[in-house]
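Put together the whole structure using the sequences plus the hints.
2 protein chains.
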Amino acid sequence: MDNGLLVVISGPSGAGKGTICKRLREVMKDLKVSVSATTRQPRWGEIEGESYFFIDEEDFINRINNDEFLEYAKVYGNFYGTPKKEVFKQLEAGNDIILEIDIQGALQVKKNYPRGVFIFILPPSITELKNRIEGRGTDSKEVILERMKSVYEELNYAFEYDYVVLNDEVESAVEKIICIIKSEKNRAIRKKAIINKIREV
Amino acid sequence: MDNGLLVVISGPSGAGKGTICKRLREVMKDLKVSVSATTRQPRWGEIEGESYFFIDEEDFINRINNDEFLEYAKVYGNFYGTPKKEVFKQLEAGNDIILEIDIQGALQVKKNYPRGVFIFILPPSITELKNRIEGRGTDSKEVILERMKSVYEELNYAFEYDYVVLNDEVESAVEKIICIIKSEKNRAIRKKAIINKIREV
Chain U
1 MDNGLLVVIS GPSGAGKGTI CKRLREVMKD LKVSVSATTR QPRWGEIEGE
51 SYFFIDEEDF INRINNDEFL EYAKVYGNFY GTPKKEVFKQ LEAGNDIILE
101 IDIQGALQVK KNYPRGVFIF ILPPSITELK NRIEGRGTDS KEVILERMKS
151 VYEELNYAFE YDYVVLNDEV ESAVEKIICI IKSEKNRAIR KKAIINKIRE
201 V
Chain H
1 MDNGLLVVIS GPSGAGKGTI CKRLREVMKD LKVSVSATTR QPRWGEIEGE
51 SYFFIDEEDF INRINNDEFL EYAKVYGNFY GTPKKEVFKQ LEAGNDIILE
101 IDIQGALQVK KNYPRGVFIF ILPPSITELK NRIEGRGTDS KEVILERMKS
151 VYEELNYAFE YDYVVLNDEV ESAVEKIICI IKSEKNRAIR KKAIINKIRE
201 V
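Heads up: the protein sequence lines correspond to chains U and H, in order. First residue of the first sequence? That's 1 in the UniProt record's numbering, and the numbers climb one at a time after it. First residue of the second sequence? That's 1 in the UniProt record's numbering, and the numbers climb one at a time after it.
These aren't lab readings, by the way, just hints derived from the structure by calculation.
Calculated pairs, EDC-like style, for lysine to aspartate or glutamate (alpha carbon to alpha carbon, straight line, at most 16 angstroms): (1) H:Lys197 x U:Glu154; (2) U:Lys185 x H:Asp162; (3) H:Lys192 x U:Asp162; (4) U:Lys32 x U:Glu92; (5) U:Lys192 x H:Asp162; (6) H:Lys89 x H:Glu68; (7) U:Lys182 x H:Asp162; (8) U:Lys17 x U:Asp168; (9) H:Lys182 x H:Asp162; (10) U:Lys197 x H:Glu153; (11) U:Lys22 x U:Glu175; (12) H:Lys29 x H:Asp96; (13) U:Lys182 x H:Glu175; (14) U:Lys185 x H:Glu175; (15) H:Lys192 x U:Glu154; (16) H:Lys197 x U:Asp168; (17) H:Lys32 x H:Glu92; (18) U:Lys197 x H:Glu154; (19) U:Lys130 x U:Glu154.
Derived list of chain U stretches under chain H, where covered just means 3 residues or more per stretch with a C-beta under 8 angstroms from a C-beta of chain H: (20) 122 to 129; (21) 161 to 172; (22) 175 to 184.
On the chain H side, residues computed to face chain U include the following (Cβ under 7 angstroms): (23) Ala158; (24) Tyr163; (25) Asn186.
C-beta atoms are modelled at their ideal positions from N, C-alpha and C, and glycine is treated no differently.
Take a look at the structure:
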């Protein structure tokens, strides 16, 4: 059995990662989602082990020290992290996993698991991105401007990824990602098992 | 305009490269085929500049010395080679080119144009491969045995390629290659132009 693929969907805030991942999971039903660990309090309706693994800060810091996370970050006082153990268990069972994550997180994952498939979602234009961020309606002009500046810088990181997919239209972006996943399965580096099998006959 | 892709379809003798390329060209009508230069005499019906560029040996050797070939080989006393100029002209015009070639040739191309997409076609099993080679009906048992031995050795080269595609069934192999071509267009290394364009807006 071949190992599954770890597919990392990442990119600037407002590029449309969330929508793409949601659609991707609808189309590729076998795709697993990794469950993060967090120190924040569960919200109403969230389920332990499904929404998150809820753990306390001491436990989280211990796990950091034991190198148990593919990536982690502290956001507004709470820790969030992707446990290696859960992800590797799925990959070893031959399941593909999708991980939707910001750029800093993706770069950490790449360091810990370079065999992953790293996909940078590109907003069609800075203007369009601005519209998307403004469309959320929750942020002030200053916040938007600050975010645009950081997006501009974040575009530099695109070249650290394996693929760059333009999100001009969700369906077309999803189709491209499906193609990438399929073709990554034919990468020479992932084909040792089958070549040895051919030789055996 | 993005540069086109140079797609190199290669693999052991009898793996089914020819059938796959023929079908691929039927499905992807925009795919160009590179025209080789050769020193052998034109056969009946062959057209200069379409079947081959027919040149004399002195000319061919001059071109070797001027480093004008992506790859070349001498087979049964005749030279065959892929002219860089023709290939690069197409790639710069944004056209994708397919090159069907044996392993030694593919390795030469890789050295001269590492940005190419190198696909190793894998026969489903040594037994199946033996059937295919025997099915041609033109070779003696000794020749087949000798060829099988060389195929066995050639499988070692699969890991010098980007992709390994199992040819268990032509349509499924062709579908995989189409996916590879599409997804290679989204490689981060080929996306500089679009990222700069997004910034301009």
